[in-house]
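Participant: Taken in order, these protein sequences are the chains called A and B. Going by numbering that gives the first Met the number 0, the residue at position 176 of the first sequence is 175; the numbering climbs one at a time, nothing skipped. Going by numbering that gives the first Met the number 0, the residue at position 65 of the second sequence is 64; the numbering climbs one at a time, nothing skipped.
The reader is advised that the hints may include incorrect statements.
All copies of an identical chain are treated as equivalent in the list; a pair is satisfied when it fits inside any one copy or across any two copies.
Calculated cross-link-like contacts (lysine-lysine; reagent style DSBU-like; alpha-carbon spacing at most 30 Å) [claimed, not checked]:
hint, residue 1, residue 2
1, K176, K224
2, K232, K295
3, K104, K172
4, K111, K319
5, K83, K291
6, K232, K103
7, K224, K18
What the hints contain is simulated information worked out from the structure, not anything from laboratory work. Note that this is a predicted model, so its numbers are computed, not measured.
2 protein chains.
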Amino acid sequence: MLKYEILKKSKETKARLGKLSLPHGEIFTPVFMPVGTNATVKAMWTDDLKDLDVGIILGNAFHLYLRPGLEVIDSFNGLHNFMKWDRAILTDSGGFQVFSIRNKKVEEEGVKIKSPLDGSEIFMTPELSMKIQMVLGSDIAMAFDECVHPDMDEKYVEESIERTYNWAKECKKYNNKENQSLFGIIQGGFSEELRKKSAEQIVSLDFEGYAIGGLSVGESFPVTKKILDAVMKYVPEDKPRYIMGIGTPDLIISAVENGIDMFDCVLPTRMGRHGTALTNYGKINLKAGKYKFIDKPIDEECNCKVCKKYSIGYIHHLFKRDEIFGKMLLTYHNLHFLLDFVKRVRDSIYKDEFLSFKKECLDKGLITLESF
Amino acid sequence: MLKYEILKKSKETKARLGKLSLPHGEIFTPVFMPVGTNATVKAMWTDDLKDLDVGIILGNAFHLYLRPGLEVIDSFNGLHNFMKWDRAILTDSGGFQVFSIRNKKVEEEGVKIKSPLDGSEIFMTPELSMKIQMVLGSDIAMAFDECVHPDMDEKYVEESIERTYNWAKECKKYNNKENQSLFGIIQGGFSEELRKKSAEQIVSLDFEGYAIGGLSVGESFPVTKKILDAVMKYVPEDKPRYIMGIGTPDLIISAVENGIDMFDCVLPTRMGRHGTALTNYGKINLKAGKYKFIDKPIDEECNCKVCKKYSIGYIHHLFKRDEIFGKMLLTYHNLHFLLDFVKRVRDSIYKDEFLSFKKECLDKGLITLESF
Chain A
0 MLKYEILKKS KETKARLGKL SLPHGEIFTP VFMPVGTNAT VKAMWTDDLK DLDVGIILGN
60 AFHLYLRPGL EVIDSFNGLH NFMKWDRAIL TDSGGFQVFS IRNKKVEEEG VKIKSPLDGS
120 EIFMTPELSM KIQMVLGSDI AMAFDECVHP DMDEKYVEES IERTYNWAKE CKKYNNKENQ
180 SLFGIIQGGF SEELRKKSAE QIVSLDFEGY AIGGLSVGES FPVTKKILDA VMKYVPEDKP
240 RYIMGIGTPD LIISAVENGI DMFDCVLPTR MGRHGTALTN YGKINLKAGK YKFIDKPIDE
300 ECNCKVCKKY SIGYIHHLFK RDEIFGKMLL TYHNLHFLLD FVKRVRDSIY KDEFLSFKKE
360 CLDKGLITLE SF
Chain B
0 MLKYEILKKS KETKARLGKL SLPHGEIFTP VFMPVGTNAT VKAMWTDDLK DLDVGIILGN
60 AFHLYLRPGL EVIDSFNGLH NFMKWDRAIL TDSGGFQVFS IRNKKVEEEG VKIKSPLDGS
120 EIFMTPELSM KIQMVLGSDI AMAFDECVHP DMDEKYVEES IERTYNWAKE CKKYNNKENQ
180 SLFGIIQGGF SEELRKKSAE QIVSLDFEGY AIGGLSVGES FPVTKKILDA VMKYVPEDKP
240 RYIMGIGTPD LIISAVENGI DMFDCVLPTR MGRHGTALTN YGKINLKAGK YKFIDKPIDE
300 ECNCKVCKKY SIGYIHHLFK RDEIFGKMLL TYHNLHFLLD FVKRVRDSIY KDEFLSFKKE
360 CLDKGLITLE SF
């Protein structure tokens, strides 16, 4: 179902520019995928996502399984028609959500949890995850994996990557390649050795793309970078590579530098709803009193429809009054900012100027490469 | 500042079609004014208001005086520039808000209240109200009036209309006619006699327009109609007439029938944020479980961008998950619906078909003329 083509390789780093062809459109990579957990990218009109040139969004198998439920999605012929989004969708397998639940029982066949809705038992298995994603009808499905809590010891992580491997095999069995592409997920915690092992296991199953899971879960920036560097050696070059749950400019730069093509994160939308704006000179919290009188756009270098029209002082006021329109404006700006940032990353690879672009970002304070 | 022209009078009723020329544009009347209390029509992009052909919105002197405060609005050169709305604005005097506060002291010169923000004393006077509205720079300012609680006895109402009369005189004194039009407000509770007296007093001051205040405050529909009928006899025909705080199709029809030209109400936006949709066949609450599977638009006769694209089932899901996008969609639809309804009212006056339009609305269940 999926076609991935490398258009250009950076001479300076492992960064690459690519084109991903999916049933619902073509996407240039590196690509940022806005998160649409509940069949909506929060506070955004679908048409505005298109105006921002969003080619792919992320949907969430577990959330949508709970509500509205498979019966509803099925009666609407899938997520695309339900939410009226005719471009590509990647669905998360539900692994991350299931493992975020405190009371769970991990078994060899899957994970038993109580439904957050009504307390009934849910047994999330590779088969169920694949079934949900098939009903959702996403362009790309993710294999069901075990997301290990960062505090777990290496012994546990070692056992868990075996489960992730077995579950990946199961997912392949249930994947209908004609309708949906399937990505495998590499786990292994913060051990370079286990990451290598997990990568070799998952890659041996020959997926259409590979994801790195279990990063950006609270570890320090150098650890993220170290693991990323270690694992990427074992991921085939000719397949799209996706790092899950990252979306700060810092991490995006590091990921791209290591040859990553895809990323998703709630950061721009969540920050936007809470009053923080991404700018070319770093983040700013528009709720701060000092912005009350400022009759300037959020970012004078930004040409989004928010920055072209509205002032910081006005948006500050909207947040002080907890007005929905404030959340709408900042969500739009932040998505525009991050999508435009990734576009500039692509341009820099195309022009073989990735490292000078990175330096420019460092000089401005847009990235620090220290923390996130 | 204001020019009002009657374009057509209904042969069957007192309804009339008019044109109101204001510094920020021309508006055809009868007109519905969406409410933008805090310098935003809640959950709406300003550009979407324009797409809906909104020519005038309502701003709120008291809310904006509290936050962001006059100093901020002044530094932005007024409300139009602050919120980036270049069409007309009418500002409420703050009377209604001040009288909604429980602990207040009504004096002959104004009303003393404690600020809901910090408890400091605010003495709201006609002079202060006019000063606020001047800083806001609205096209139409409203005189500061006493909004009497509907439970007050006739003795109190009689005294209060004298205050409203005196305050109206004060407001005229502070009104700079070159920059801003000023409307007087007729009060008088539910007494036909006091309404007559208040109307005569206010009209004697020769305002550029007249508003009926103190209706739609919980009284029954027949009472609203009776008072409206009683008071309109004393309001000059050649001036725009505004009934404050109404916005149900029932009340709009009754108001227009009595020769009213303008109305405002939070109803379509507030209902929208709470999951209720206005339709040609009455209101529906999209949160109801029965809508879960419905793959149809809210109103098949509606041609707004929400009804052209999204299903009831999808919007139901968004409300179940308390998603902002649900509020955005229903706010848009409801405003479109009410604005379109008023446009159809205007068309019916133009074609001298107002009564048959009213009958059609009754037959459909869009209005009941019984309650609201």
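Participant: Could you run down the list of hints and mark each one as holding or not?
Facilitator: Hint check:
1. K176 <-> K224: neither (33 Å within a copy, 67 Å between copies)
2. K232 <-> K295: neither (46 Å within a copy, 51 Å between copies)
3. K104 <-> K172: within (24 Å within a copy, 76 Å between copies)
4. K111 <-> K319: Cα proximity of K111 and K319: across copies only (25 Å, versus 43 Å in one copy).
5. K83 <-> K291: between (38 Å within a copy, 16 Å between copies)
6. K232 <-> K103: Answer is neither; intra-copy 34 Å and inter-copy 73 Å both fail.
7. K224 <-> K18: Result: close within a single copy only, 25 Å intra versus 66 Å inter.
Hints 1, 2 and 6 from the earlier list are contradicted by this structure; the remaining hints agree with it.
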